Amino acid sequence: MLRAAGLVKSYRAPSGMPIRVLAGVDLTVKGGEIVVVAGPSGSGKSTLLNVLGLLEDGDGGEVWFEDTRVSALGRSARSQARGRYVGFLFQSFLLLPSLTALENVLLAARYVGRSGAAMRRRARELLAEVGVADRMDHFPAQLSGGEQQRVAFCRAVLNDPPLLLADEPTGNLDDANGAVILGALRGRARAGAAVVVVSHRAEAAAGASALYRLRGGVLESS
Amino acid sequence: MKPLRVLRGYLFTIIGIAIGVAGLVALGAMSERIVRFIEGGDRFVLGQISVAGRGMGMGTGFTAGGLLPAATIRAIAEVPGVSGVQAQVMLPLDPSTSQFMTLTQELILGVDLAVPMPNRHYRALPVRAGRFFRDGDRRVAVVGASFAASRGLGVGGHITLEGESFEVVGVLDRMLTAPDRFVMVPIADARAQWVAKDRLLRTVLASGGVPLTAADLNTGAAVGWLDGDDPDAVALRIRERVPGVNVQLPSELSRLLRSSTAFFSALLAGIGVLAFVIGGLSLANTMAAAVFERIRDFGVKRALGATDLQLGLEVLTESLAVTLVGGLAGIGLALVLGWAIDGTVARAQQLFHFSPRLLGGALTFSILLGAAAATYATARVVSVSPAEAIRRGS
Numbered sequence: 001m002l003r004a005a006g007l008v009k010s011y012r013a014p015s016g017m018p019i020r021v022l023a024g025v026d027l028t029v030k031g032g033e034i035v036v037v038a039g040p041s042g043s044g045k046s047t048l049l050n051v052l053g054l055l056e057d058g059d060g061g062e063v064w065f066e067d068t069r070v071s072a073l074g075r076s077a078r079s080q081a082r083g084r085y086v087g088f089l090f091q092s093f094l095l096l097p098s099l100t101a102l103e104n105v106l107l108a109a110r111y112v113g114r115s116g117a118a119m120r121r122r123a124r125e126l127l128a129e130v131g132v133a134d135r136m137d138h139f140p141a142q143l144s145g146g147e148q149q150r151v152a153f154c155r156a157v158l159n160d161p162p163l164l165l166a167d168e169p170t171g172n173l174d175d176a177n178g179a180v181i182l183g184a185l186r187g188r189a190r191a192g193a194a195v196v197v198v199s200h201r202a203e204a205a206a207g208a209s210a211l212y213r214l215r216g217g218v219l220e221s222s
Numbered sequence: 223m224k225p226l227r228v229l230r231g232y233l234f235t236i237i238g239i240a241i242g243v244a245g246l247v248a249l250g251a252m253s254e255r256i257v258r259f260i261e262g263g264d265r266f267v268l269g270q271i272s273v274a275g276r277g278m279g280m281g282t283g284f285t286a287g288g289l290l291p292a293a294t295i296r297a298i299a300e301v302p303g304v305s306g307v308q309a310q311v312m313l314p315l316d317p318s319t320s321q322f323m324t325l326t327q328e329l330i331l332g333v334d335l336a337v338p339m340p341n342r343h344y345r346a347l348p349v350r351a352g353r354f355f356r357d358g359d360r361r362v363a364v365v366g367a368s369f370a371a372s373r374g375l376g377v378g379g380h381i382t383l384e385g386e387s388f389e390v391v392g393v394l395d396r397m398l399t400a401p402d403r404f405v406m407v408p409i410a411d412a413r414a415q416w417v418a419k420d421r422l423l424r425t426v427l428a429s430g431g432v433p434l435t436a437a438d439l440n441t442g443a444a445v446g447w448l449d450g451d452d453p454d455a456v457a458l459r460i461r462e463r464v465p466g467v468n469v470q471l472p473s474e475l476s477r478l479l480r481s482s483t484a485f486f487s488a489l490l491a492g493i494g495v496l497a498f499v500i501g502g503l504s505l506a507n508t509m510a511a512a513v514f515e516r517i518r519d520f521g522v523k524r525a526l527g528a529t530d531l532q533l534g535l536e537v538l539t540e541s542l543a544v545t546l547v548g549g550l551a552g553i554g555l556a557l558v559l560g561w562a563i564d565g566t567v568a569r570a571q572q573l574f575h576f577s578p579r580l581l582g583g584a585l586t587f588s589i590l591l592g593a594a595a596a597t598y599a600t601a602r603v604v605s606v607s608p609a610e611a612i613r614r615g616s
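Chains as they are written, first to last, in my numbering: chain A, 1 to 222; chain B, 223 to 616.
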């Protein structure tokens with residue numbers, strides 16, 4: 001499902017010196033697999049996930065979704081590819097504060113032209129599956145961290161994307177809520193999605209198809 | 223998402239826009255008021271040839287001058303090109319008021335209704351309530367809108383002038399120019415007022431040294447011209463053929479009026495431009511800031527697949543709604559402020575004129591500027607990667 005080859009990415013330090021974060025990353029994730037990328041803070045895990053999910057450009061290398069070389073697409077096509085192929089789960093949830101839980105979930109459908117009664121029904125089902133059906137009309141500020149991440153998970157999977165990218169999805173959660181989210185991600189993998197999880201928590205590696213450590217800008221198999 | 227909730231999310235933006243637009247509209251309305259005053263005066267002086275007796279008597283109004291006797295009025299009527307001459311008496315309501323303050327002075331105007339109104343632009347003055355007085359009426363008055371409002375006068379009310387009671391039979395429409403502060407009375411009553419106000423005139427009449435009749439007591443005359451004649455040429459002809467008169471060429475009077483009000487026009491134009499710039503900058507800044515504040519939301523939406531076009535349309539729609547609501551609220555605020563100031567501080571004098579062109583222009587300006595600012599801000603926001611947008615907004 002996801003193939004990345006030779007990904008390179010550098011940032012410029014305030015002094016002007018380039019800092020190489022990714023130095024030729026190769027990664028392949030098939031449908032049904034969970035790949036966990038570990039590494040210390042600042043090692044470039046989030047950058048890798050951003051480049052894989054087309055949230056930012058790499059300086060070099062290629063990203064393929066199925067048979068499409070998405071890294072070569074134009075801005076509009078890349079946006080459409082994100083909407084069609086990728087579901088994101090962020091450490092800080094990133095729910096829109098002005099929308100209710102249900103509206104936040106439905107936001108994922110709006111930009112891929114799938115709005116409608118069927119999507120509303122599906123969103124409600126997902127919220128019920130993760131145990132926050134009774135909170136669907138609440139705003140993010142009225143939800144706990146665990147509830148917010150469950151809503152964010154529903155948003156990520158509403159369009160049934162073949163690829164899920166999760167950046168420290170349990171970083172702001174207690175163990176119980178973290179377990180719920182990791183369990184849900186494993187469930188998506190069982191349903192056929194390719195899942196990439198960036199995490200420094202050992203629990204994330206449980207049940208993973210592969211575990212990598214990002215060191216010196218390259219992925220090392222653990 | 224409910225539209226009202228969207229607008230509530232922009233509440234402070236809407237308030238900011240409303241304040242900017244209110245300032246713009248209020249200052250614009252004051253400018254419009256002066257413009258209307260000048261335009262009205264210009265229209266009046268261009269519609270007739272104004273003639274006064276030569277001298278510096280009390281007779282006043284728009285033309286300083288002395289007595290204009292009946293014989294002189296008859297002589298003017300015989301000048302080729304003249305279509306009609308209407309004798310008039312124009313006096314300050316309060317003789318102690320400075321004659322220099324004619325822009326805001328209250329005047330008594332007596333007109334001879336035996337002659338049709340010769341002013342081409344004011345054949346009849348618009349009466350809002352009651353009626354205009356008729357030839358033969360006595361001790362009745364038709365008052366201007368500001369005059370009526372400042373004294374709480376209506377049809378059937380009474381006003382005392384030099385100890386004489388006058389019944390108000392009509393109130394004029396607000397004209398935004400001099401007649402708003404007029405008390406119009408039959409010419410016979412105006413002549414009596416003149417005599418009552420002017421001790422010198424009383425002394426002259428009592429002495430019998432000057433053979434004057436009531437018909438000779440005129441401060442001026444409005445002169446009309448025949449269709450096809452050039453009013454300036456007719457005025458020059460009167461000046462040549464009738465001795466002892468001050469004749470104002472309509473074009474000359476118009477130029478004088480404009481030059482005497484040029485300072486106010488320039489001042490208000492400057493204020494208007496400043497309001498335009500300050501209000502515009504405030505509005506654009508408020509709208510752009512509202513978009514920049516949402517950079518994280520844009521990053522999230524782009525992560526969910528929103529294209530630049532989708533985001534642009536979304537922001538444009540919201541900014542149009544926000545500036546429309548903010549603009550309307552600002553206009554409403556300006557209207558309320560103007561109404562309150564006109565009704566209290568200005569003592570029923572109208573300081574503001576909220577013309578449709580001003581309100582429409584201000585609303586269009588605010589919407590277009592708000593949309594432009596929002597579009598600019600959106601273009602800046604989407605120029606960074608979704609990851610960077612999320613980072614900056616977190």
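Just so you know, these hints were derived from the structure itself, not from any lab.
Treat the hints with care, as some may be off.
As the list claims (entries may be wrong) - So these bits of chain A aren't anywhere near chain B, every CB distance computed over 12 Å:
id : residue
1  : A77
2  : A128
3  : R135
4  : V180
Stated by the list, open to error - Footprint (simulated), chain B over chain A, 3 or more residues, beta carbon under 8 Å:
id : stretch
5  : 107-114
6  : 183-190
Nothing here was measured: the structure is a model prediction, and the numbers come from that model.
Positions of the beta carbon are idealized from the N, C-alpha and C atoms, including for glycine.
Against the structure, the hints come out as follows:
1. Consistency note on A77 (chain A): stated as away from chain B, yet its beta-carbon is not over 12 Å from all of that chain's, at 9 Å minimum.
2. Taking the minimum C-beta to C-beta distance to chain B, about 22 Å, the non-interface status of A128 (chain A) holds against the 12 Å cut.
3. At roughly 17 Å from the closest C-beta of chain B, the C-beta of R135 (chain A) stays outside 12 Å, upholding its exclusion from the interface.
4. Every Cβ of chain B is farther than 12 Å from the Cβ of V180 (chain A); the closest lies at roughly 22 Å, confirming the non-interface assignment.
5. Counting residues of the stretch 107-114 of chain A whose C-beta sits closer than 8 Å to any C-beta of chain B gives 5, which meets the bar of three, so the coverage hint holds.
6. Remark: the stretch 183-190 of chain A is not confirmed as covered by chain B, as 0 of its residues place a Cβ nearer than 8 Å to a Cβ of that chain, below the required three.
Of the numbered hints listed earlier, those contradicted by the structure are 1, 6.
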